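Q: Fit chains B and C to the supplied structure of chain A, relying on the hints for placement.
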Amino acid sequence: MTNATPAPRKKRFWSMERKQSAAGWAFLLPATLLIVLFSFWPMFQAFLTSFKRGLPTALQYSDPLYRNYAYMLKDKVFIQSVKNTFTYLIIQVPIMLVLAIIFATLLNNRDLKFRGLFRTCIFLPCATGLVAYSMIFRTLFTYDGMVNALLMKMGVISEAINWLNDPFYAKVVIILGLIWRWTGYNMVFYLSAMQGIEYSIYEAARIDGANQVQQLFKITIPLLKPIILVTAIMSTNGTLQLFDESVNLTRGGPANMTITMSHYIYNTMFTKNPNFGYAAAMSFVILVMVAVLAAIQMKVGDKR
Amino acid sequence: MKKIVSLILALALVMACSLALAAEDGKITIWTWDPNFNIKAMQVAKEMYQKDHPDVEIVIEEVLSEDVETRVITAASAGDISNLPDIMLCQDNSIQKFVLNYPEVYAEITGKYDFTDFAEGKLAYSVVDGKNYGIPFDAGTVVGTYRTDYLAEAGYTIDDLTDIDWDRFIEIGKDVKAKTGRPMLSGQAGAIDTVLIMMQSCGASMFNEDGSVNFVNNEACKKVLEYYKTMVQEGIFIEVNTWDEYCGTLSNASVVGTVNGCWILGTIMGVQDQAGKWALTNMPSMPGIEGATNYSNNGGSSWVFTNGTDLDLALDFMGMYRNVDFYNEILPSTSAIGTWAHAKEGSNYQAGNDFYNGDAIFAKIVEYTSHVPSNTTGAYYYDAREALGTALTNYINGGDLASELQTAEDTVNFAMGF
Amino acid sequence: MREGAISKHVSRFFMYAFLVIVSFISVFPLYWAFISSCNNTQQILGGRMIPSTHLMENLRNLFAQQDVLTALKNSFATTLLQVVLSLAISSIAGYGFEIYHDKWKDRVMSVLMLAMMVPFVAVLVPLFQLFSKMGLLNTWVAFFLPSLATPFLIMYFRNSARTFPKDTIEAARIDGLNEFQIFVRMFVPMMKPTYAAAATITFMNAWNSYLWPKVIMQTSNATTMPMLVSNLMGGYVIDYGVVMAGVTICSLPTVIIFFCLQKSFTNAVAGAVK
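Protein chains in written order, with our numbering: chain A, 1 to 304; chain B, 1 to 418; chain C, 1 to 274.
If you are wondering where the hints come from, they were derived from the structure by calculation, not from laboratory data.
This structure is a prediction, so every number in the text was calculated from the model and none was measured.
Hints should not be assumed to be uniformly reliable.
Every beta carbon over 12 Å from chain A, so not counted as near; a handful from chain C, in silico [unchecked claim]:
| id | residue |
| --- | --- |
| 1 | Arg60 |
| 2 | Gln65 |
| 3 | Asp67 |
| 4 | Leu69 |
| 5 | Thr70 |
| 6 | Ala171 |
| 7 | Asn221 |
| 8 | Gly235 |
Listed below are the simulated DSBU-like cross-link pairs for lysine-lysine, each with C-alpha atoms no more than 30 Å apart in a straight line [unchecked claim]:
| id | chain 1 | residue 1 | chain 2 | residue 2 |
| --- | --- | --- | --- | --- |
| 9 | B | Lys27 | C | Lys192 |
| 10 | A | Lys225 | C | Lys103 |
| 11 | B | Lys51 | B | Lys112 |
| 12 | B | Lys223 | A | Lys76 |
| 13 | C | Lys73 | A | Lys218 |
| 14 | A | Lys171 | A | Lys153 |
| 15 | A | Lys218 | C | Lys8 |
| 16 | A | Lys218 | A | Lys299 |
| 17 | A | Lys113 | C | Lys73 |
| 18 | C | Lys263 | A | Lys52 |
| 19 | A | Lys171 | A | Lys74 |
| 20 | B | Lys174 | B | Lys131 |
| 21 | A | Lys153 | B | Lys177 |
| 22 | B | Lys222 | A | Lys76 |
| 23 | A | Lys218 | C | Lys133 |
| 24 | A | Lys225 | C | Lys166 |
| 25 | A | Lys225 | C | Lys263 |
| 26 | C | Lys133 | C | Lys73 |
| 27 | C | Lys133 | B | Lys27 |
| 28 | A | Lys113 | A | Lys225 |
| 29 | A | Lys83 | A | Lys299 |
| 30 | C | Lys192 | C | Lys105 |
| 31 | A | Lys19 | C | Lys105 |
| 32 | C | Lys263 | C | Lys73 |
| 33 | B | Lys131 | B | Lys40 |
| 34 | A | Lys19 | C | Lys192 |
| 35 | A | Lys299 | C | Lys103 |
| 36 | A | Lys225 | C | Lys105 |
| 37 | A | Lys74 | B | Lys222 |
| 38 | C | Lys263 | C | Lys166 |
| 39 | B | Lys51 | B | Lys27 |
| 40 | B | Lys46 | C | Lys103 |
All C-beta atoms in this analysis are idealised placements derived from N, C-alpha and C, irrespective of residue type, glycine included.
Only chain A is shown next, with the shape it has when bound in the complex:
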C-alpha cells in the first residue's frame, strides 16, 4: 500500500504541509494585526517620546538624546520605586503561586465536600471591586483596627503596629493585599489545567502507594508546568507593572516608601507637572526588565 503511486502522494503531501502552514498563518493573523495596531504602534510612538522633552504638546528631541534615561539614575524616587517593586516581586510572587497550587490541589480532590463553595470563596477576591478592597484593607489595618486588636489578643504583638504608616509594615500590607487578591486568580488556571489530567493517573499512583505530597510533585506539577510558566511570567509582569495596590492602599506612602514604578510613571504624567518623555523612558526600562525576566523564566521552564 505505502509504496503504491509514490509520485502523486509526495506532491500531495507537500501541498498539504503548505496548506497547513498557511492555515496556521491565517489563524494567527487577526490577533497579530490587532496587537501590531493597538500595542506596537503606540509603543513605537512612546519609544520616540522617550527621547523628547518640553511642554506636553510641543515635545522636542532632547540633547543629548539619552537625557531622560540618564536622569533616572539620579532620580531618588525612581530608584526607590524600583527597589519597592522588586521587593514585592521577590516576596509575593513565589508565595502566591505556591498557595495557588496548594488550593487547586485540595479543590481538585473529588471526595472533597463543598468544593464548589470553597472554590467560589477563594476566587471571590478578584471579583471584588477596587473600592471595596482598598477600603476594607485600610479599615482592617488602621491603628485601632481589627488586625491589631486580633494580634494583641493572641499575644503576637504587645503594642499596636501603625501598619499603613510604617515603611516596613506598609509593604507588608501591600504584599498581603496582593496575595489575597490574586491567589484565587492563579488558582483558576491551575484548576482548569488539572481538569485535563486523567483522574485515573492519580488512582493508579494511589494504588502504588504514593501519598498526596508525592502525587503533587510527581504528577501534578510536571503536567502543569506549561501553565505554571504562564502564570509565573504573568505574575512577574503584573507585579512589575503594579499600580492599583500602590495607589489605593498606601498612595505610595509613607514618604514614597511603597510607591511602585507604574505608580510613579502615572504621577509623572498625570499628577505632577507633566513630563511625558521621562514617563515614556521609565516605561521602556520596565519593558526591558520584564523582557529579561520573562526570557530567564522561559529558559528555565520551557524545554520543549
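A: Okay, now just chains B and C, sitting in the frame of chain A:
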C-alpha cells in the same frame, strides 16, 4: 450576512462621527463632579438661566476631578481637543499647572467677564501671567470648628479659640487633652493639608514670586513644621492614615474639632445627632511671623473654558455666578459657599444655622474669605507638595528639619531643572 | 490500619479547617461591602460588621444620583462583546501558534509577547490619538478593541493546545475535515474548561477595566459601572452607604459569572471520568 455586518459597522461609524461633531449653536456642555455639590449648583444655574434663554441647551456631565484632568491631558497631547466641553471645573491648585502646560486648551477670559468683588485670594489661583483663565466657584476658606460640649468640659468657650495664635492653641489643647482625653485636631499623615493651611495663613507659599521653590529660607515654613510636630508629639493633633479615618474621627467625635476648608461642614452637619454641639470660628495665627492672619484656604475650585468653543455664550451663562439669588438658592441644598462678596447678602446666608445653634455661619465664612492671603501655586505645585510631605514625614520620625527641607528643595529643583 | 484511619480523619479535619479559614478570609471584604450597603456612613466608618436597615435608602439615593441602568447596560454590552470576540481571536491564534508552529511562527510569538510588557499608562496617549483619528470616541468598539487580542490569552491557549493530541488532528484530517473545522469541531469542545477559565478571567478584566474607558468614554451615556462607582467617591462629602451599594451592584455580575462558569470546570471532570 457580510453585507449586514458591514452595514452595521458603517452605521456605527456614521453615528459615532455625527455624535462627535454635534456641537450645534446654543449648546453648552459642562464637565463637573459631585452630584450633591458642583453638579447641583450647575443645575440650579441652568434652570435659572433657561428661564430667560429657553432655547439654549445645557448639558451637565458628571466627570470626576481626576478624570477631567486625565481627559484634558490625553486630548491635548493627542492634539484633538474637539471633544472637550465648553466649561470644566478645575481644582484651584491645578489651574496654573494646566494652563502653563496646555495653553492651547484654555480660553483666556480677561476683560470678558466682570471679576470685581470676587475674593482676591481666591481669584489669584486662576490668574496666570496677569491673565484670567477661570471664574471662581466655591470657597475653601478655612474655619476652626469645635465641639462646645468638650470645650466646656475643660472650661473653655468658642471665644477662647477666636482670634488666637498657635501658642495659645497648644496651651488650650494640652489642657483639653488632660481634662477630656481628646486631641483637639486630626489629619491624614503624609497629606500636608494642615501644614499648607498654616503656611497660607502667614501669606507664605512654597514658591517665590519668580516661581522658584522656597523651602530652605522660608521662615514661615520652618515654623509651621515645628508647630505641627509639637502638636503631634503632645497628642493635640492625631495623625490618621486615610481620608475615611479622618472623617471617622469627626463623625464619631473622637476629636474636639478640626481646622479645614469650609466644605468639611458638609461632613460635620451630616451627622444629625450632633446638631447643636458645634461652634465655628476662625483659625489660630502663627506667632512671630509678619503678616500672619487668622485666615487661610484649602481646596475649592474654579470654572475654566475650552478654546474654540462659543465663549460668549458660556460667559453669558456664567453671569449666574454674579447673582445673589443663585448663591442664595444653592446654599441650603449644597452648602457651597460663593467667593463673590455679595453672595452673603442672600437671605439664606444671613439666616441662622440650626446645626450651629442659630449662628449665621455662612455669612461669617464669606467674611473670612475676604481676608484670606493669596498664595503662589505654579506648575510645580504638586511636585513641591509631595516633596514637602516626604520632608514632614521624615522630620516627624526624627529627621533634621534643615536637611529635610534642603532635600525637599533639591527634589523640586531637580524636577524643575529637567 | 485503625491508626491510619484516625490520622486520615485528623488530616481531613485540618484540611477542612484550613479551607474554611482561607474561604473566610477571602470572602470577608465582599461580605463587608454587602452588609455595608445596608448601613449608613457613620456605621460604616465606625466599623459595624452586621447589616442595619439602610439598604433601601442607599439604593434609592444611588439610583437618584446615578444612571445605574445605563452603566449596567454599557458594562454588560462591552464586556460580553469583549469576552466572545477576544476568546475567539485569541484562542484560534494560540492554537495556530502551537499546532502549526515553525521557526517563523515561534519568532512572531516571541515578538507579540513584548506587547504585554509595557505599562498601559505609557501607551495611553498614542492610543487615544489613534482612536480619536478613527472617530471611535464614545463607542463600544473603542472600549474593547485594544484588548481583543492579548498576548496573555494567546500564550494561555497556546500552552493549553500542547495537551491537544496530535493523532486527533491526524484522524480528523483523514476524515476530511479542513483545518478550520478541526479547530471548531475538535479543539473547542475538548477545551471547555480552558475556555471557561479564560472567559471568567476576561470577563473580570473587562468588567473592571477603568483607566481606558474613563479616557475614551467621554459622555455620560457611555459611563460604565466602575466609573459610576468611582464617581460616588468624588465629592467633599462621601456617602459610604451609597458607595457600598454601588460596589455591591458592580461586584454581583462577576460573582454570578464565576458561579455559572465553574460548572464548566466541573462538567469537564465528569466528562473525563465517564
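Q: Taking the hints in turn, state whether each one holds.
A: Right, here's what the structure says about each hint:
no., hint, verdict
1, Arg60, "20 Å, holds"
2, Gln65, "16 Å, holds"
3, Asp67, "18 Å, holds"
4, Leu69, "18 Å, holds"
5, Thr70, "18 Å, holds"
6, Ala171, "15 Å, holds"
7, Asn221, "22 Å, holds"
8, Gly235, "14 Å, holds"
9, Lys27(B) x Lys192(C), "52 Å, violated"
10, Lys225(A) x Lys103(C), "22 Å, holds"
11, Lys51(B) x Lys112(B), "23 Å, holds"
12, Lys223(B) x Lys76(A), "27 Å, holds"
13, Lys73(C) x Lys218(A), "48 Å, violated"
14, Lys171(A) x Lys153(A), "23 Å, holds"
15, Lys218(A) x Lys8(C), "21 Å, holds"
16, Lys218(A) x Lys299(A), "21 Å, holds"
17, Lys113(A) x Lys73(C), "37 Å, violated"
18, Lys263(C) x Lys52(A), "52 Å, violated"
19, Lys171(A) x Lys74(A), "24 Å, holds"
20, Lys174(B) x Lys131(B), "47 Å, violated"
21, Lys153(A) x Lys177(B), "28 Å, holds"
22, Lys222(B) x Lys76(A), "23 Å, holds"
23, Lys218(A) x Lys133(C), "55 Å, violated"
24, Lys225(A) x Lys166(C), "19 Å, holds"
25, Lys225(A) x Lys263(C), "25 Å, holds"
26, Lys133(C) x Lys73(C), "26 Å, holds"
27, Lys133(C) x Lys27(B), "24 Å, holds"
28, Lys113(A) x Lys225(A), "28 Å, holds"
29, Lys83(A) x Lys299(A), "25 Å, holds"
30, Lys192(C) x Lys105(C), "25 Å, holds"
31, Lys19(A) x Lys105(C), "15 Å, holds"
32, Lys263(C) x Lys73(C), "25 Å, holds"
33, Lys131(B) x Lys40(B), "29 Å, holds"
34, Lys19(A) x Lys192(C), "27 Å, holds"
35, Lys299(A) x Lys103(C), "17 Å, holds"
36, Lys225(A) x Lys105(C), "22 Å, holds"
37, Lys74(A) x Lys222(B), "27 Å, holds"
38, Lys263(C) x Lys166(C), "28 Å, holds"
39, Lys51(B) x Lys27(B), "15 Å, holds"
40, Lys46(B) x Lys103(C), "65 Å, violated"
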